[in-house]
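Q: Make a model of the complete structure from these sequences and hints.
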Amino acid sequence: MNCKSLVIELEHYLDEELDPAIRASIEEHLLKCKKCRIIVNTCKKTIEIYCNSEPAPLPDETRMRLHDALAKRLKRAHP
Amino acid sequence: MISKPQCRLARGLCAMWAAHSFKMNAMVPFSMDEPMSSPKTNPMPSRQPLPSQVVKEDEPQLVAAAQAGDVEAFETLVERYERKIFRLTMNITQNREDAEDAMQEAFLKAYEHLAEFQRNSRFYTWLVRIAVNQALMKLRKRRPNQISLDAEVDTGEDTIPRDVEDWGPSPEERYGRVELSDILSAAISDLDEPFRIVFQLRDIEELSTEETAEALGLSVPAVKSRLLRARLKLRQKLSRHFRRSDNQ
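Going down the list, the protein sequences come from chains A and B. Its first residue numbered 1082, the first sequence is counted upward by one per residue in the working numbering. Its first residue numbered 43, the second sequence is counted upward by one per residue in the working numbering.
I should point out that these hints are in silico values taken from the structure, not numbers from a laboratory. Cβ atoms here follow ideal geometry from the backbone N, Cα and C, with glycine treated the same way. Don't take every hint at face value.
Some chain B residues judged to face chain A by a derived CB distance under 10 Å, without partners named [unchecked claim]: (1) V120; (2) I127; (3) R129; (4) L130; (5) R138; (6) D140; (7) E214; (8) G218; (9) S223; (10) A229; (11) I230; (12) S267; (13) L270; (14) R277.
A: Next comes the structure, spelled out in structure tokens:
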């Protein structure tokens, strides 16, 4: 395993889709290579930050228009 | 669904998700330069449920009630997901008016087709797919000559990132919630469409690779290569904000 082949396998590594032998080979490389370690860890952190990010509240006007549209539709369905 | 280790790293967050009380700064401190686990001595952490898999206990009942004609139950579902759906349509269309229209149409369509929803799948995934379709229609209408999503793109997956600056511990805690949200939005907005939309579905909405491929009409390998490119690009963009400062 070298840096280039690690990047090729990175997607599968991040999603835990590798067979144990390749995974072990990657982790062995990561123990030795600081650059790859940073890439892997910061990639994981990137996904984690987005995955856990809270969506902003809807703008008031947007929310009002959504619920007005729904109210009209729901009223039509259940007058 | 394929699990994602990054989410499992944030232990405890899943429970917080269920309580609808996510706080960005509540993540577990994480050192970017920690040696990776040894395959012999330190297996991956035990699997934690992903946030989107933590369905509120009342959701099946709400969906069933809505399907039986309970309007309030449907409104509760809308209120539960409106923020996430608006973020999704906004990240796809990159236009507030289109995003708002796509969100409205998605909820209206969901209501009209509620009887077709199979309760053995996740309601939110079903809703996301409707919203993605609406948002993509807006995108194509506004830019009819754009390259289609399934066109060949240079994913450059064999490129070794040049910028490998390390990040400080808990980098997101260096920013307030609004500021962090702006950083994340700006970074994802800056991605080219094929990468941005795949990342949105796969890593934010937590659809599986297969679900993402199906929703976008892409092959599974195309989703994977675009996702890798998106992740590497975003990592690089966030490095400008999260890199280790001199005093860390």
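Q: Now tell me if each hint is right for this structure.
A: Hint check results:
Annotation: B/V120 was flagged as interfacial toward chain A, and the flag holds, the nearest CB pair being 6 Å apart, inside 10 Å. With 10 Å as the threshold, the beta carbon of B/I127 comes within range of chain A, its nearest partner Cβ sitting at about 9 Å, so the hint holds. Interface hint at B/R129: satisfied, since its Cβ lies 4 Å from the closest Cβ of chain A, which is below the 10 Å cut-off. Using the Cβ-Cβ criterion of 10 Å, the hint placing B/L130 at the interface with chain A is satisfied: the shortest such distance is roughly 9 Å.
Hint status for B/R138 relative to chain A: holds, with the closest Cβ pair at about 8 Å, below 10 Å. Using the Cβ-Cβ criterion of 10 Å, the hint placing B/D140 at the interface with chain A is not satisfied: the shortest such distance is roughly 12 Å. Using the Cβ-Cβ criterion of 10 Å, the hint placing B/E214 at the interface with chain A is satisfied: the shortest such distance is roughly 6 Å. With 10 Å as the threshold, the beta carbon of B/G218 stays out of range of chain A, its nearest partner Cβ sitting at about 13 Å, so the hint is violated.
Among the interface hints, the one on B/S223 holds; its C-beta lies about 6 Å from the nearest C-beta in chain A, closer than the 10 Å criterion. This hint holds: B/A229 has a C-beta 9 Å from the nearest C-beta of chain A, less than the 10 Å allowed. Proximity of B/I230 to chain A holds as hinted, the smallest CB-CB distance being about 7 Å (cut-off 10 Å). Interface hint status for B/S267: upheld, as the beta-carbon distance to the closest one in chain A is roughly 7 Å, under 10 Å.
Given the 10 Å rule on beta carbons, the hint for B/L270 holds: about 4 Å separates it from the nearest Cβ of chain A. Taking 10 Å as the C-beta cut-off, the interface hint given for B/R277 holds, the closest approach to chain A being about 5 Å.
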